[in-house]
Amino acid sequence: MNPRNAVIAVAVIAGLGCVLGWRSAYTSEAGRVEAASATVESFTIDAVHSKALFRVHHLGAGMFYGRFNDVTGTIVFDGASAAGPQFDVSIAAGSVDTGNDKLDGHLKSPDFFNVAEHPKLTFKSKSAKKVGDKTYEVSGDLTIHGVTKPLTAQVDWTGTAEGRGGKRCGFETVFTIKRSEFGMTYMIEGGGLGDEVRVIVSLEGMIGGGR
Amino acid sequence: MIELVLKAVAAPMLLGAALLAIAHRLARKGDDSARLKRGGAAWGAALAAAFAVSVFVQDGTPRWPPAARWHGTVHAIAAAALIGLAASSVKNTFAVCGAAAVGAAIAAAGFVSLPRVDAVPWRGSLCAVVAVLAFALGTVSRRDDGWVWPVGGVVVFTALSGLFMQSHFAKAAVACGAVAACCGGGGVLMLVRRAGGFSVAGAVTVATATAVLSLTGYAYDPSGPLPWTWMLPTISLLGFTLAAGGRATKPGLPRKLIGLAWIFVFCAAAVGLDARARMSATNEAANSAYSPY
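Line order of the protein sequences matches chains D and S.
So the first sequence is numbered by our numbering: it starts at 106 and just counts up by one.
So the second sequence is numbered by our numbering: it starts at 4 and just counts up by one.
Calculated directly from the structure, the hints in this document are not laboratory data.
Far from chain D, some chain S residues (derived; all Cβ distances over 10 Å): (1) Ala14; (2) Trp67; (3) Arg145; (4) Val191; (5) Ala278.
Listed next, the stretches of chain D that the computed footprint assigns to chain S, with coverage defined by at least 3 CB atoms under 8 Å from CB atoms of chain S: (6) 202-211; (7) 216-230; (8) 284-291.
In silico SDA-like cross-links for lysine to any residue, where the CA-CA straight-line distance does not exceed 25 Å: (9) Lys254(D) x Ala71(S); (10) Lys254(D) x Val161(D); (11) Lys283(D) x Glu6(S).
Glycine included, every Cβ here is placed at the ideal spot set by N, Cα and C.
Same shape as in the complex, but just chain D (with noise of 0.2 Å):
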């Protein structure tokens, strides 16, 4: 074989093996998604985009929000299976954060969350069925200053997704609980703070590294 002939066919030789591995490197790499949809994964809940707020009445007038930013735990999630995800909650009491800091102070008093005290509120669901496309019933019990009350709250599965190293999932909720019943009153007589708390959490979930 003359050399010209040599280097086309070593060219063409180069060129299949090239787009026979990217095909194949394709094919695995869709497969594995396609594998992983269809088994249960647990993630763990990435708390630099996990965050839990709540709003509450002040003084009969405005709405005041605040927020926790140390949200740890993990979810199990099948997306093709309609069992429904499952949750493990921990939130550090201590994050609270309202912007102002005599005001996170108080909160973290015995006056409210008594982080001395009780420094986690969790929320670990039992049961979750599915009642919409991307939408969950999700039922379990949330402990809140000590004090553990069972929790049905619609869960909305906000999407999952592929890269930055690794796998991820989010989930998103908004109820509303009363602090009275978690033994959280102060303010409560004479209308200085509500009884009423509307908690939004959203939760992203993630199986291996990332940022």
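Following the hints, put chain S in place on chain D, whose structure we already have.
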């Protein structure tokens, strides 16, 4: 705010004053000077009742085990009041005073179980401080149990109330305010001769309440910039015993005034230094708008 002051400060103060007036009235019957003195044994019960009512008006009905760990202070102060009442009902000797102090100290260490300071060394320290302070104040009260006591009580519990308020623990601040108001109300009754002397019961209760509430404040204030300021009200009472006690005779006016000055300086320093440290530790401009009331 007005409703809270009426329910959690004024009502407990009136209850304490009523207990003092009733005890004084009962003790006067029979025209017995010893019984007349015994009317002052209600001081401990009055202060403990004022504190307990204020706490439970704000935080719900009492239960065992307590709904919050700091509620154990109510039990400790009530136990000290009962022990003081029993001590005031028998012959007022050093031995009785010492026994009351030890009893109050054991009750304090037993009932008070606080976060951060629940280990044996902390409880042992609380026990020792209450024993020493209760014995020292009790021995001073044996020589003089007049107007200087309610005045000192007003200063100490007002200072504790201020420290609690600055640490954002408003419920405890209001309850300490109720005890200060009770001291003030009882002091007025004492001046118009409608309440007995402060007695060992009052002294042991004040000692226990001061030490226990100081430790409570420290326990729930982990981010306090000057944690040692919580010790100053207790130290002020020890200084008072050094100034007003120490001799076998009843202290004269100068010694009483020096004792009160000691209390005032230490308590004012505690509140002032703590306030200044907190102001510089936070973003004052951003936070000045917030007040719990």
